[in-house]
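Residue numbering for the sequence shown is 0 to 113, as defined by numbering that gives the first Met the number 0.
No wet-lab data here; the hints were simulated from the structure.
For glycine and all other residues, C-beta sits at the position ideal for the given N, C-alpha and C.
Misleading hints may appear alongside valid ones.
Said to hold, decoys possible - Now the in silico label distances, taken between C-beta atoms and shown as ranges: (1) Ser74 / Met0: 13 to 23 Å; (2) Lys63 / Ala24: 19 to 29 Å; (3) Arg40 / Thr12: 20 to 30 Å; (4) Asp67 / Val26: 21 to 31 Å.
What the hints assert, rightly or not - Under the rule of at most 27 Å between Cα atoms (straight-line distance), these lysine-lysine pairs were calculated in the DSS-like manner: (5) Lys1 / Lys42; (6) Lys9 / Lys61; (7) Lys15 / Lys1; (8) Lys1 / Lys63; (9) Lys15 / Lys42; (10) Lys63 / Lys98; (11) Lys98 / Lys1; (12) Lys61 / Lys42; (13) Lys63 / Lys9; (14) Lys60 / Lys35; (15) Lys61 / Lys48; (16) Lys63 / Lys15; (17) Lys42 / Lys63; (18) Lys35 / Lys9; (19) Lys1 / Lys61; (20) Lys1 / Lys35; (21) Lys48 / Lys15; (22) Lys15 / Lys60; (23) Lys60 / Lys42; (24) Lys48 / Lys63; (25) Lys1 / Lys48; (26) Lys98 / Lys48; (27) Lys35 / Lys48; (28) Lys48 / Lys60; (29) Lys35 / Lys15; (30) Lys15 / Lys61; (31) Lys35 / Lys63; (32) Lys60 / Lys9; (33) Lys42 / Lys9.
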Amino acid sequence: MKATIWHNPKCGTSRKTLEILQTTAGVDVEVIEYLKTPPSREKLAELYKRAGMTPHEGLRKKEKLVQDLDLEHVSATAVLDAMVADPILIERPLVETEKGVRLCRPQEMVREIL
0 MKATIWHNPK CGTSRKTLEI LQTTAGVDVE VIEYLKTPPS REKLAELYKR AGMTPHEGLR
60 KKEKLVQDLD LEHVSATAVL DAMVADPILI ERPLVETEKG VRLCRPQEMV REIL
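Kindly produce the complete structure, drawing on both the sequences and the hints.
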């Protein structure tokens, strides 16, 4: 099985999720450091759709930029545009497999798609 993790190595939850993926037999892991290689707007919209969540639910609300841009009160389109412009706004880690997509908070949620 192939798994792609949209990863931030500075994030403990992201590191723990990656460890689960790397220690699960039969999982071929692709690691994308999304701050260096951000997903396109189309890819991000697809990930959220497959995860059954809205862009607002995928917003990293702890970031000051969310309040500065008033992102909790704008359209989903505007949220996606802001995430593409500044990927630090993307909550992590997102993991994609053939079984689906999960925002793995907590990290154990990754097991749902393995």
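Hints and how they fare:
1. Ser74 / Met0: 13 to 23 Å: Between Ser74 and Met0, where Cβ atoms are some 35 Å apart, the hint is violated.
2. Lys63 / Ala24: 19 to 29 Å: violated (41 Å)
3. Arg40 / Thr12: 20 to 30 Å: 24 Å Cβ-Cβ, so the 20 to 30 Å window holds.
4. Asp67 / Val26: 21 to 31 Å: violated (38 Å)
5. Lys1 / Lys42: Holds, at about 17 Å.
6. Lys9 / Lys61: Between Lys9 and Lys61 the Cα gap is close to 15 Å, so the pair holds against 27 Å.
7. Lys15 / Lys1: holds (18 Å)
8. Lys1 / Lys63: Cα-Cα ~34 Å, so violated.
9. Lys15 / Lys42: Given pair Lys15, Lys42 holds - Cα atoms ~24 Å apart, limit 27 Å.
10. Lys63 / Lys98: violated (34 Å)
11. Lys98 / Lys1: Holds: Lys98 and Lys1 sit about 10 Å apart, inside 27 Å.
12. Lys61 / Lys42: Distance ~23 Å between Lys61 and Lys42 Cα, so the pair holds.
13. Lys63 / Lys9: holds (18 Å)
14. Lys60 / Lys35: Status holds; Cα separation ~20 Å.
15. Lys61 / Lys48: Holds - the C-alpha atoms of Lys48 and Lys61 are around 22 Å apart, at most 27 Å.
16. Lys63 / Lys15: holds (25 Å)
17. Lys42 / Lys63: Holds: Lys42 and Lys63 sit about 24 Å apart, inside 27 Å.
18. Lys35 / Lys9: OK: Lys35 and Lys9 at ~13 Å, within 27 Å.
19. Lys1 / Lys61: violated (30 Å)
20. Lys1 / Lys35: With Cα atoms ~21 Å apart, Lys1 and Lys35 stay inside 27 Å; holds.
21. Lys48 / Lys15: Between Lys48 and Lys15 the Cα gap is close to 24 Å, so the pair holds against 27 Å.
22. Lys15 / Lys60: holds (21 Å)
23. Lys60 / Lys42: holds (21 Å)
24. Lys48 / Lys63: holds (25 Å)
25. Lys1 / Lys48: At roughly 19 Å apart (the allowed maximum being 27 Å), Lys48 and Lys1 satisfy the hint.
26. Lys98 / Lys48: Holds: Lys98 and Lys48 sit about 13 Å apart, inside 27 Å.
27. Lys35 / Lys48: holds (23 Å)
28. Lys48 / Lys60: holds (19 Å)
29. Lys35 / Lys15: holds (20 Å)
30. Lys15 / Lys61: At roughly 20 Å apart (the allowed maximum being 27 Å), Lys61 and Lys15 satisfy the hint.
31. Lys35 / Lys63: holds (20 Å)
32. Lys60 / Lys9: Cα-Cα ~17 Å, so holds.
33. Lys42 / Lys9: holds (23 Å)
Going down the numbered hints, you'll see the structure goes against 1, 2, 4, 8, 10 and 19, while the others check out.
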